[in-house]
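Asks: The whole structure should be built from the sequences, with the hints applied where relevant.
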Amino acid sequence: MKTVLNVFIALVLFTNISFAQVGWTIDPAHTNARFEVKHLGIAIVDGAFTKLEGTVETANATNFDKAKVNFSIDVNSINTRVQMRDDHLKSDDFFNAEKYPKMTLTNATLNQGKGGFVLSGDLTIRDVTKKVTFQVKQNGGIITDPWGKTRAGFTATTSINRFDYNIKYNDKLPTGVDAVAPTVEIIVYVEAVKN
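Note that the sequence shown covers residues -20 to -1, 1 to 175 in mature numbering (1 follows the signal peptide of the UniProt record, and there is no 0).
No lab work stands behind these hints, which were simulated from the structure alone.
Watch out, some of these pointers could steer you wrong.
To be verified - Each pair of labels, with its calculated beta carbon distance range:
(1) 19 / 46: 38 to 46 Å
(2) 108 / 129: 34 to 42 Å
(3) 54 / 148: 15 to 23 Å
(4) 152 / 67: 41 to 49 Å
(5) 42 / 87: 18 to 26 Å
(6) 110 / 46: 17 to 25 Å
Backbone N, C-alpha and C fix where the C-beta goes; we use that ideal spot for every residue, glycine too.
Replies: As structure tokens, then:
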């Protein structure tokens, strides 16, 4: 009977350990969601969103393979260093920030790949949700900062076609070149802190 009880306890402990999750919170002071897009066919305009939040859930504190990721960005925090342009980007020509104040990445899973990770999830911009895949590099492993907190850093990149998300601004030069290109490069520098 004692052996059966020991096996049962071991099984319960193993089950609890195998399903335990470690929570991480995105540090907004050290996380940067950026974008780049070609302008008039000759230059790159870039910008960032300064207000964001997110969570990561891992199976343990040392491995991000199969991590679950959720991310939210405040569209009204867009900053391209030119107020007139920022106001235009918040308008219905682009994000319609009044009606759609958040962009989100949900149901995202981080999987170990060759030379890094692949993050796949549902990106919602305006009223459109589409699957998107980011290439992700972990920067420098997992560290303990001077204040005793456990941190990990990542760089995630992808590109999207803005027309896929009902971002409809479509002015063209007389030569037919897009004033603002359809393809938008996205770069997210993430610092996550273990809860």
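Asks: Would you mind marking each hint as holding or not holding in the structure?
Replies: Here is how each hint holds up against the structure:
1. Here the CB-CB span from residue 19 to residue 46 is close to 39 Å, well matched to the stated 38 to 46 Å.
2. In this structure, residue 108 and residue 129 meet the distance hint of 34 to 42 Å, their C-beta atoms being roughly 37 Å apart.
3. Take residue 54 and residue 148: their Cβ atoms lie about 22 Å apart, and the range 15 to 23 Å holds.
4. With their beta carbons about 22 Å apart, residue 152 and residue 67 fall outside the hinted range of 41 to 49 Å.
5. Taken as a hint, the range 18 to 26 Å holds for the pair residue 42 and residue 87, whose Cβ atoms sit roughly 24 Å apart.
6. For the hinted restraint 17 to 25 Å between residue 110 and residue 46, the CB-CB distance of approximately 22 Å keeps it satisfied.
When the structure is compared with the earlier hints, a violation turns up for hint 4 alone.
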